[in-house]
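Student: All chains, please: the whole structure from these sequences, using the hints.
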Amino acid sequence: MDDREVRSILSVHRTGESDARLREAEQRAGADLALADWWTEEQETDRAIASKLQEMDVPSTLKPRLLSQENPPLMRQTAWRRRILLAAAAIVALAVMFGSWRGPFQPAVSFADYRDEMVSFVKVDPALELKSNELSHVRDYLAKSGAPSQFQIPKQLREMQPIGCRSLRFRGHDVSLVCFRRGEGKLLHLFVVNRAAVPNLRATAEPQFSPEGEWMTAAWIEGDQAYLVTTEGDRAKLEKYIPSA
Amino acid sequence: MADVNFERLVEEYYMPLYRFGLSLIRNQSDAADLTQHAFLTWAKKGHQLRDPSKAKTWLFTTLYREFLAKKRHSERFVDVEDDSQFVEPQQIAASIVDSLDAGIVQQALQALEPRYRAPVALFYMKQHSYREIAEILEIPIGTVMSRISRGKAELRKKLTDAAAIEDRKVVPLQREHHHG
Chain A
1 MDDREVRSIL
11 SVHRTGESDA
21 RLREAEQRAG
31 ADLALADWWT
41 EEQETDRAIA
51 SKLQEMDVPS
61 TLKPRLLSQE
71 NPPLMRQTAW
81 RRRILLAAAA
91 IVALAVMFGS
101 WRGPFQPAVS
111 FADYRDEMVS
121 FVKVDPALEL
131 KSNELSHVRD
141 YLAKSGAPSQ
151 FQIPKQLREM
161 QPIGCRSLRF
171 RGHDVSLVCF
181 RRGEGKLLHL
191 FVVNRAAVPN
201 LRATAEPQFS
211 PEGEWMTAAW
221 IEGDQAYLVT
231 TEGDRAKLEK
241 YIPSA
Chain B
1 MADVNFERLV
11 EEYYMPLYRF
21 GLSLIRNQSD
31 AADLTQHAFL
41 TWAKKGHQLR
51 DPSKAKTWLF
61 TTLYREFLAK
71 KRHSERFVDV
81 EDDSQFVEPQ
91 QIAASIVDSL
101 DAGIVQQALQ
111 ALEPRYRAPV
121 ALFYMKQHSY
131 REIAEILEIP
141 IGTVMSRISR
151 GKAELRKKLT
161 DAAAIEDRKV
171 VPLQREHHHG
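Heads up: the protein sequence lines correspond to chains A and B, in order. Residue numbering for the first sequence is 1 to 245, as defined by my numbering. Residue numbering for the second sequence is 1 to 180, as defined by my numbering.
Take these hints with a grain of salt, some might be off.
Quick look at which bits of chain A chain B covers, simulated, 3 or more residues with Cβ under 8 Å [claimed, not checked]: (1) 33 to 44; (2) 59 to 65; (3) 114 to 124.
Each computed DSS-like pair below joins lysine-lysine, with the alpha-carbon atoms no more than 25 Å apart [unchecked claim]: (4) B:45 with A:123; (5) B:158 with A:186; (6) B:158 with A:237; (7) A:63 with B:45; (8) B:70 with A:186; (9) B:157 with A:63; (10) A:131 with A:186; (11) B:126 with A:186; (12) A:63 with B:70; (13) A:63 with A:186; (14) B:158 with A:63; (15) A:237 with B:157; (16) B:126 with A:63.
It is worth saying that the hints were derived from the structure and are not from the lab. Every value quoted in this text rests on a predicted model; they were computed, and no experiment measured them. Glycine included, C-beta positions come from ideal geometry on N, C-alpha and C.
Tutor: Structure representation (structure tokens):
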């Protein structure tokens with residue numbers, strides 16, 4: 001267990017809830033002054049955040065409202081609300097008959113959803129299931145996990161060493177995530193999923209660039225796989241590894 | 001059957017329940033409705049609970065289920081699966097910690113990815129054990145811990161970013177020059 005791992009474990013530590021890993025981390029902190037200092041500071045920060053959350057105002061009208069045991073306004077069934085619901089039901093029935101509407105409860109999975117979720121996942125450095133600089137080991141691991149492993153990597157990415165990988169799930173589809181270190185202490189992430197998972201991604205081998213907050217993404221289709229590459233920074237940062245035609 | 005006095009239950013838990021609701025759903029009125037729904041459901045069905053000591057967890061679970069039910073109607077649902085590994089949160093400068101106020105923390109919490117928001121809120125509320133948080137959120141305890149770990153890391157980033165924005169808002173006052 002290295003210091004980084006000890007800090008990761010201690011950051012979720014709570015008194016009285018120890019498992020073997022937490023106990024070991026606790027012992028390490030007890031024997032290492034730097035770790036002990038870090039942990040003291042960590043607990044002070046947590047205490048400050050917790051105390052601020054306790055200061056969140058609670059409306060003075062809430063308690064009497066709860067004690068009166070009235071229904072919340074949104075739950076009250078009024079005649080006009082019933083009429084609106086009936087009208088909405090009729091519209092839904094018509095829409096379903098014409099077959100072009102999927103309904104509010106089963107939204108169509110869009111490529112934007114996929115891109116948002118994948119990028120949000122790697123904004124905090126992801127925990128890797130396999131740490132390896134060998135692409136062949138990465139492929140073997142992903143294959144064993146049931147995630148896509150036979151994917152094509154752009155030339156510029158092939159020249160970089162991966163640092164590891166993990167598998168994810170997106171709406172029932174296995175996703176491979178391979179991480180590369182690109183310098184400046186930053187990572188570059190490659191996601192591969194069966195193209196059926198993102199039916200509305202334009203079927204083109206030409207990368208489509210799109211910003212996601214302070215991150216840039218590039219996506220393309222090749223064979224039956226959908227590729228998504230992302231890194232923190234602007235388009236020029238990503239084009240060094242994923243050149244546009 | 002649970003022998004729990006309704007008024008005492010309200011007295012004891014309405015504030016943490018409301019704060020949990022507010023951390024999930026950014027709107028005060030919706031948070032109040034979620035809290036009210038939880039207590040109303042208790043008034044109707046609480047008697048079915050065999051173990052009175054579970055009343056607190058039951059109320060939080062009920063509030064969270066109602067939140068999910070509303071959320072499924074209005075938002076897409078994130079289902080990237082987690083593992084049980086933790087990440088190291090970044091340290092926040094002592095000056096930032098000292099300058100935190102409830103509003104900034106609340107905004108940062110509400111800006112978290114939905115899958116992290118509830119476990120992190122419950123972690124900082126210190127009302128529940130990890131096992132109880134797992135029961136409330138209906139996810140395995142390992143997932144609770146990894147979401148708390150990742151959520152805390154994300155929260156720290158947001159608090160640091162918010163402090164940087166606040167710093168940029170500080171405009172130095174122009175000194176008045178008196179001539180003569």
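Student: Okay, which hints does this one fail, numbers in order?
Tutor: Hint check: 4, 8, 9, 11, 13, 14 fail, others pass.
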